[in-house]
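Could you put the whole structure together from the sequences, leaning on the hints where they help?
Single-letter residue listing:
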Amino acid sequence: MTTAVPGSTARTIAVAKELDRVMRADRGRLIAALAAGLRDLSLAEEVLQEAAISALGHWGRTGMPNSPQGWLLQVARRKAIDRLRSAKRGKLQADALAVLAEDEAAPEADAIPDHRLRLIFACCHPALEPKSRVALTLRTVCGLTTPEIARAFLDNETTMGQRLSRAKAKIAAAGIPFAVPEAELWPERLDGVLTAVYLIFTTGYVSAADEPRDLCHEAEYLMRLIDRLRPDEPEIEGALAMMLLTRARRAARIGPDGASRPPAQQDRILWDSARMAEGRAILARAVERRKAGPFQIKAAIADCQMADTGPDWLQIAALYGALWNHEPTPVVALNSAVALAESGQPGRALQWIESLADQLSDYQPWHAARAALLAMTGDHVKAAAAYCHAIATAPGKPEALFLEQRLELLALPKLPLDK
Amino acid sequence: MQYMLLIYNDPAQEPAYGTPAFTEMMGGYFAANERMQADGVLRSGEGLQGIETATSLRIKGGKAETMDGPFAETREHLGGYYVIDVPDLDAALTYAALIPSVHYGTIEVRPLMTYNPAG
Chain A
45 MTTAVPGSTA RTIAVAKELD RVMRADRGRL IAALAAGLRD LSLAEEVLQE
95 AAISALGHWG RTGMPNSPQG WLLQVARRKA IDRLRSAKRG KLQADALAVL
145 AEDEAAPEAD AIPDHRLRLI FACCHPALEP KSRVALTLRT VCGLTTPEIA
195 RAFLDNETTM GQRLSRAKAK IAAAGIPFAV PEAELWPERL DGVLTAVYLI
245 FTTGYVSAAD EPRDLCHEAE YLMRLIDRLR PDEPEIEGAL AMMLLTRARR
295 AARIGPDGAS RPPAQQDRIL WDSARMAEGR AILARAVERR KAGPFQIKAA
345 IADCQMADTG PDWLQIAALY GALWNHEPTP VVALNSAVAL AESGQPGRAL
395 QWIESLADQL SDYQPWHAAR AALLAMTGDH VKAAAAYCHA IATAPGKPEA
445 LFLEQRLELL ALPKLPLDK
Chain B
-11 MQYMLLIYND PAQEPAYGTP AFTEMMGGYF AANERMQADG VLRSGEGLQG
39 IETATSLRIK GGKAETMDGP FAETREHLGG YYVIDVPDLD AALTYAALIP
89 SVHYGTIEVR PLMTYNPAG
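So the protein lines, in turn, are chains A and B.
The first sequence: position 75 = 119 (the working numbering), numbered continuously.
The second sequence: position 109 = 97 (the working numbering), numbered continuously.
Please keep in mind that the hints were generated in silico from the structure rather than gathered at the bench.
Every residue gets a Cβ at the ideal spot worked out from N, C-alpha and C, and that includes glycine.
Do not rely on the hints blindly, as some may be mistaken.
[Stated by the list, open to error] Here are the in silico distance ranges between beta carbons for each label pair:
(1) Phe18/B to Gln389/A: 49 to 57 Å
(2) Ser130/A to Lys48/B: 37 to 45 Å
(3) Arg129/A to Gly50/B: 41 to 49 Å
(4) Phe18/B to Glu322/A: 48 to 56 Å
(5) His91/B to Glu322/A: 40 to 48 Å
(6) Asp126/A to Pro99/B: 20 to 28 Å
(7) Gln37/B to Asp406/A: 38 to 46 Å
(8) Asp126/A to Thr54/B: 51 to 59 Å
(9) Ser405/A to Thr82/B: 37 to 45 Å
(10) Gln37/B to Gln389/A: 53 to 61 Å
(11) Pro99/B to Ser130/A: 17 to 25 Å
(12) Thr189/A to Thr54/B: 49 to 57 Å
(13) Ala19/B to Gln309/A: 54 to 62 Å
(14) Arg65/A to Gly16/B: 50 to 58 Å
See the structure below:
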């Protein structure tokens, strides 16, 4: 067709919209399918982008193909073959060419193998910096743009762009595989993946509600995807359950006065009962598999925080004890001590917290917990000093406001005697 | 892909010659060699003599500076290397973990640069 016909503009717009929809929904899957063969994320992204541009022209002329995803994959593969042939680089490229040549037909959307789990393990490989793992997963699997990721992590765009390029270049140059790890490496690598996804979740959890891309939503999407691609894995279920239980409390996290509230003081009406029920059911299923792990324990702790009659501190203290066997870190010790105090032994807990001073004196929650325990044991003067320190270093305004309220509740002597 | 496994050691941390731990370490090296050879991945590998035998050279402004000792003043020094040919980094890391010095020092895993024969 050489002349413009009425309606062609409308058709172009319709095609562009449809392409946008397909790319939003299936970009991660297409990148994964391409990267698994190419072993090069940058190249996979580039050829998919070129295929999308070709699609605009072709689909406008010939109408939508039966399988838009298959069409994009096939065209992207051909573009990759052209590039690799003209580059004639080393053996890796020859291998990639051989893989690409095997499947040249445009597959139906359902027939495109789902290699996203491989892509996730490549993005979260321990040979990459932790922050790059998170950024790369958001970029390639969730389809966030570089500016969106930069904004979420309070970085500037150029820095984040460089970080992503470096990570992609290292995957290609160091030969990081697009593969689900063997049994030997599985526990360590899975923990790395779950930790990266959880970091995405916590970043979203504490950020303002008006962020354009809700990272909690992205993290939940990722965790559900991982659970679906690798079902019946208790630690994946545990991580998903923890996320659902924590997210269930999100609307109640900050009170009407703008201060953050611990679970015990939250308005339970605001808890998302559907997510709670789903989280509890998934946790129960995981625990039945009798392969305990840190994420299942943390999910159980989140569950105990939300017990019908208020937090079950004795059980929480016992669970932190179990967590210690997996993660003997000062932060776990701190949380153990808080649970011990809440379950009726503030004196012993305070001693324990004081003993962590060397390791945690730069950690704001340590000061907040110490302040609470000093208040509990009646040393209000020292508690006030600790609260002031915790307020000054609080991560956000709601947390600072909560601590200021606690500070005001202290019975401070009108004229403190010199000491 | 070819990877070099660079073995960095702090000699003070290694088991002393003649102790059972030393024998165990040597047995570990022997087993690692055997395994790499049996799997057909071993391209080369050598151990280096101690840093007290090292001499460093640099030429500055056309003038050779020859010095006693290794290049870098660090606790861990290059003690030897393997070159292996394996499909990917995970495979390379699996072989690196077989090297006994991984328990006393650090194994750095680096891909070899590939030259394009076509120019």
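Cross-check of the supplied hints:
A C-beta distance of roughly 55 Å is found between Phe18/B and Gln389/A, which places it inside the suggested range of 49 to 57 Å. Checked against the hint of 37 to 45 Å, the C-beta distance between Ser130/A and Lys48/B comes to roughly 43 Å, which is consistent with it. Distance hint check for Arg129/A and Gly50/B: the Cβ-Cβ separation is about 47 Å, which falls inside the suggested range of 41 to 49 Å. For the pair Phe18/B and Glu322/A, the beta carbons lie near 54 Å from each other, so the given range of 48 to 56 Å is met.
The supplied range of 40 to 48 Å is met by His91/B and Glu322/A, whose beta-carbon atoms lie about 44 Å from each other. Under the hint 20 to 28 Å, the C-beta atoms of Asp126/A and Pro99/B, about 26 Å apart, fit the expected range. Roughly 44 Å separates the CB atoms of Gln37/B and Asp406/A, a value that falls within the hinted 38 to 46 Å. Separated by about 53 Å at the C-beta atoms, Asp126/A and Thr54/B satisfy the suggested range of 51 to 59 Å.
Between Ser405/A and Thr82/B the beta carbons are some 40 Å apart, a value that agrees with the proposed interval 37 to 45 Å. Separation of Gln37/B from Gln389/A is about 60 Å and conforms to the stated range, judged on CB atoms against 53 to 61 Å. Take Pro99/B and Ser130/A: their Cβ atoms lie about 24 Å apart, and the range 17 to 25 Å holds. A hinted range of 49 to 57 Å for the beta carbons of Thr189/A and Thr54/B is consistent with their spacing of about 55 Å.
At roughly 59 Å, the beta carbons of Ala19/B and Gln309/A sit within the given window of 54 to 62 Å. Checking the proposed 50 to 58 Å range against Arg65/A and Gly16/B shows it holds: the Cβ atoms sit about 57 Å from each other.
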